[in-house]
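Participant: Fit chain B to the supplied structure of chain R, relying on the hints for placement.
Chains R and B, in that order, give the protein sequences.
Note that our numbering has the first sequence beginning at 532, numbered continuously upward.
Note that our numbering has the second sequence beginning at 532, numbered continuously upward.
Among the clues, some could well be false.
If chains are identical, the list can't say which one is meant, so a pair holds when it fits in one copy or spans any two.
Said to hold, decoys possible - For lysine-lysine, the following DSS-like pairs were computed, each having C-alpha atoms within a straight-line distance of at most 27 Å:
| # | residue 1 | residue 2 |
| --- | --- | --- |
| 1 | 688 | 849 |
| 2 | 618 | 963 |
| 3 | 603 | 932 |
| 4 | 636 | 653 |
| 5 | 618 | 634 |
| 6 | 966 | 622 |
| 7 | 636 | 683 |
| 8 | 821 | 634 |
| 9 | 963 | 868 |
| 10 | 634 | 653 |
| 11 | 849 | 683 |
| 12 | 846 | 830 |
| 13 | 932 | 634 |
| 14 | 846 | 963 |
| 15 | 634 | 683 |
| 16 | 653 | 821 |
| 17 | 932 | 619 |
| 18 | 616 | 932 |
| 19 | 846 | 567 |
Hints listed in this document are in silico derivations from the structure and should not be mistaken for laboratory results.
2 protein chains.
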Amino acid sequence: MNIKIQSTKDKNFFSDLKNNLEFDSSGNNEVQKITKSIVSDIKRQGDKALIKLTGQLDHLEVNSVSQLEVSKARLQKAFESIPEKTKKDLKLAAERIYNYHLKQKGESWSYEDDDGSSYGQKITPIDSVGLYVPGGKAAYPSSVLMNAIPAKIAGCKEIILCSPPNKEGEIANEILYAASLCGVTKIYKVGGIQAISGLTFGTETIPKVYKIFGPGNQFVTVAKQLATKFGVAIDMPAGPSELLVMADESANASFIASDLLSQAEHGADSQVLLVSTSNTIIENVFTELKKQLEELPRKEIATRAIQNSKSILVKDFKESLALINEYAPEHFIVCTKNNDFFIEGISNAGSVFIGNYTPESAGDYASGTNHTLPTNGYSKTYSGVNLDSFTKSITFQEITKTGIQNIGSSIELMAEAEGLQAHKNAVTLRLKDLK
Amino acid sequence: MNIKIQSTKDKNFFSDLKNNLEFDSSGNNEVQKITKSIVSDIKRQGDKALIKLTGQLDHLEVNSVSQLEVSKARLQKAFESIPEKTKKDLKLAAERIYNYHLKQKGESWSYEDDDGSSYGQKITPIDSVGLYVPGGKAAYPSSVLMNAIPAKIAGCKEIILCSPPNKEGEIANEILYAASLCGVTKIYKVGGIQAISGLTFGTETIPKVYKIFGPGNQFVTVAKQLATKFGVAIDMPAGPSELLVMADESANASFIASDLLSQAEHGADSQVLLVSTSNTIIENVFTELKKQLEELPRKEIATRAIQNSKSILVKDFKESLALINEYAPEHFIVCTKNNDFFIEGISNAGSVFIGNYTPESAGDYASGTNHTLPTNGYSKTYSGVNLDSFTKSITFQEITKTGIQNIGSSIELMAEAEGLQAHKNAVTLRLKDLK
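Next comes chain R alone, as it looks inside the complex (with noise of 0.2 Å):
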């Protein structure tokens, strides 16, 4: 990690700091290729190409998509095996993602005017969504729990899973377990752009899904934008990973450095930046790093990231938050002496910890926020994956006969102004009407 004493008056500020986070989620010309021909054979052939591409690429032969369907008993065998900790671990993160996901649930609301007209709007589920899990060295029930929790707490009527099948064939214990948890109503052994393609036209065996949620490696994100062009939403472009960190002297350096290691950890484009008014704890934290670094299993993916990143000293927590919303963070953590100052005029940011008590860690597991956020400056203008991610909302209006004669000339005159004829005769016929 570099310590540069920056300032954030200068003029190449920002785009120095963007500079680091260039990032190409269209992938390069070989991924688009490989992708845009897996979603054509996908889309052309159905479940016919699912199954030679499950067998070429995952290497599960079978002779029918019916059998990469998830079955109750294999669930049940994945219940029974599970070690109860496990069990216990899952349940407290999806018990604490359930309680927070639901203060999220907007109301249905209507209201009626003097006259006895009506208007409102109601919240409707997005009938059916997708959710992809990645598979690889390791299994992520989180992101099941993530995404998974909000869909049934919308209402989602289908919540079909897709998943690659590991060397045996199988996809691990956790997920099959966090997914009985949360009301997953599918789940199939299937993996990366099949599996993305499968939920964006439907084959004959696995069912076409509005939205498709969920992280993935970059033939995955471009195989999610393909389908956007197909009418299909996506939970929100992949970004690397961000954490900035706001620490001043109250701060605890070691804490703050294993928190930015966890980020680093994600992958050598992860972005890391430590601000602080106080240069000794920039270096404390600097010291703390690299005895910390040489512990880590990702040492080297974590290293790179670390070299990208950088430490920035600011004059005051003024100056400190103006660069926080200009940056706006995936991830925030706060551990100074006033953190209600920077609580209160936050506005640019994924998801922030506030305090030495809160690792981002705890986000992406069990603090019971969700773990999907907004990279790259996207916080400027896109939440994190939410309840409404899951639901949609209708406008609805109900106007009584002394209704539009109270607002009826109004629009004859809009409508008119505006060119538009028709517009104004569909007044103009009910006034009449009326008289």
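Facilitator: Just chain B now, with coordinates in the frame of chain R:
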């Protein structure tokens, strides 16, 4: 209009419907090429390109972009020039839109766990938004109201309006009056691609915004799509307008015909559908429609739209509701003897107009609901423009010492299971410290 007695059971029923909707939002190659070239000019040359393009394309010659900003004196003049009746109508519409959107306001919240840890969510406005208002033959003050009012309620600090100068080198009085009614902060006489790019990148004079709203021609649509590649959000992808009317014998055929025509006059690609349990109603609407069509100034456009549209005879309300939810219309008018059945059952639609005295044009101007709505089936996943379009939320957590002791070991286990040792370590260090 074709009176086709179609069955929704037909395998190709929905794909046939959608065929009418096929719509290449990316524009043709020529549009893409022109747009990209202008976007690139503005990006590289800022004000200089804006001045050049405004002279070339909108025939307004200026020496500096600051001359394109609408002055206080000009606003005052607009205020004085507008007829009192027009002011009254615009004020009525503004007030109703304000009242409706105010009800959409969500509250920030927080709660405390038994261990004193607290969790919450804070709703914050998008700092800076751009609003495009098209020029052309007519002025569209309704577009100003529909975007600037929710932006103001949300608390957006900067609301920048761009609209092309007319032949007199001015923006129409109605637009300026509407803008001053609802707190627009800056107004520029800049149109088309130049306006969208100016707001995307910012120039020496025009501020960069975080999200761009408003309708426009295909050049504006492509420029907005390009804006998203540079991290600027947009309201929603624009598609041809749609109206689905569900009518039984309790409906007024003449009113229904006027509503279908009000949608049809938007463009030859507008999609207009009549669904009914009664063949008589379909025939009566058809007769009325032919009569009313003759008197429309936009007869030619409306005729072409009507030719592409369909009437569908359904067996009963249940079949009708399934069809409507599958089609997911932008506008949905329901005039039946059991409207509640539809209101309760509707899950996919932009805005719903209930009963014989609620024309769709009321929603375009003055009922209070927003007129920017999801087309092309997008109401399956998206809401129309609403207060949330101008805000985003940040999640918060502040965990106490007892709190991290309560949930720490679960986080450790989950992090370890997912192969993320540094995530685990951030908790371990804190737990050790508390021992």
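Participant: All the hints need checking, so say for each whether the structure fits it.
Facilitator: Against the structure, the hints come out as follows:
1. In this assembly of identical chains, the alpha carbons of residue 688 and residue 849 lie at most 27 Å apart only when taken from different copies (19 Å versus 47 Å within one copy).
2. In this assembly of identical chains, residue 618 and residue 963 lie within 27 Å of each other by CA distance solely across copies; the values are 24 Å between and 69 Å within a copy.
3. In this homomeric assembly, residue 603 and residue 932 never come within 27 Å of each other (Cα to Cα): the closest approach is 57 Å inside a single copy and 41 Å across copies.
4. Taking the closest pair of Cα atoms, residue 636 and residue 653 come within 27 Å of each other both inside a single copy (12 Å) and across two copies (14 Å).
5. In this assembly of identical chains, residue 618 and residue 634 lie within 27 Å of each other by CA distance solely inside one copy; the values are 25 Å within and 42 Å between copies.
6. For the identical chains of this complex, residue 966 and residue 622 are inter-copy neighbours only, at 26 Å across copies versus 65 Å inside a copy, given an alpha-carbon limit of 27 Å.
7. In this assembly of identical chains, residue 636 and residue 683 lie within 27 Å of each other by CA distance both inside one copy and across copies; the values are 12 Å within and 24 Å between.
8. Within a single copy, residue 821 and residue 634 get their C-alpha atoms no closer than 41 Å, and across copies no closer than 53 Å, so neither meets the 27 Å cut-off.
9. Within a single copy, residue 963 and residue 868 get their C-alpha atoms only as close as 69 Å, which misses the 27 Å cut-off; across copies the closest is 23 Å, which meets it.
10. Both within a single protomer and between protomers do residue 634 and residue 653 lie at most 27 Å apart by alpha-carbon distance, with minima of 18 Å and 12 Å respectively.
11. Taking CA atoms no more than 27 Å apart as the test, residue 849 paired with residue 683 passes between copies only; the shortest distance there is 26 Å, against 41 Å inside one copy.
12. Taking the shortest Cα distances, residue 846 and residue 830 never come within 27 Å of each other, neither inside one copy (33 Å) nor across copies (67 Å).
13. In this assembly of identical chains, residue 932 and residue 634 lie within 27 Å of each other by CA distance solely across copies; the values are 24 Å between and 39 Å within a copy.
14. Taking the shortest alpha-carbon separations for residue 846 and residue 963, neither the intra-copy value of 70 Å nor the inter-copy value of 33 Å comes in at or below 27 Å.
15. Both within a single protomer and between protomers do residue 634 and residue 683 lie at most 27 Å apart by alpha-carbon distance, with minima of 14 Å and 26 Å respectively.
16. For a Cα distance limit of 27 Å, the shortest separation of residue 653 from residue 821 qualifies neither inside one copy, at 54 Å, nor across copies, at 35 Å.
17. Taking the closest pair of Cα atoms, residue 932 and residue 619 come within 27 Å of each other only across two copies (21 Å); inside a single copy the shortest separation is 60 Å, beyond that limit.
18. Only between protomers do residue 616 and residue 932 lie at most 27 Å apart by alpha-carbon distance; the minimum there is 22 Å, versus 65 Å within a single protomer.
19. Neither within a single protomer nor between protomers do residue 846 and residue 567 lie at most 27 Å apart by alpha-carbon distance, with minima of 50 Å and 42 Å respectively.
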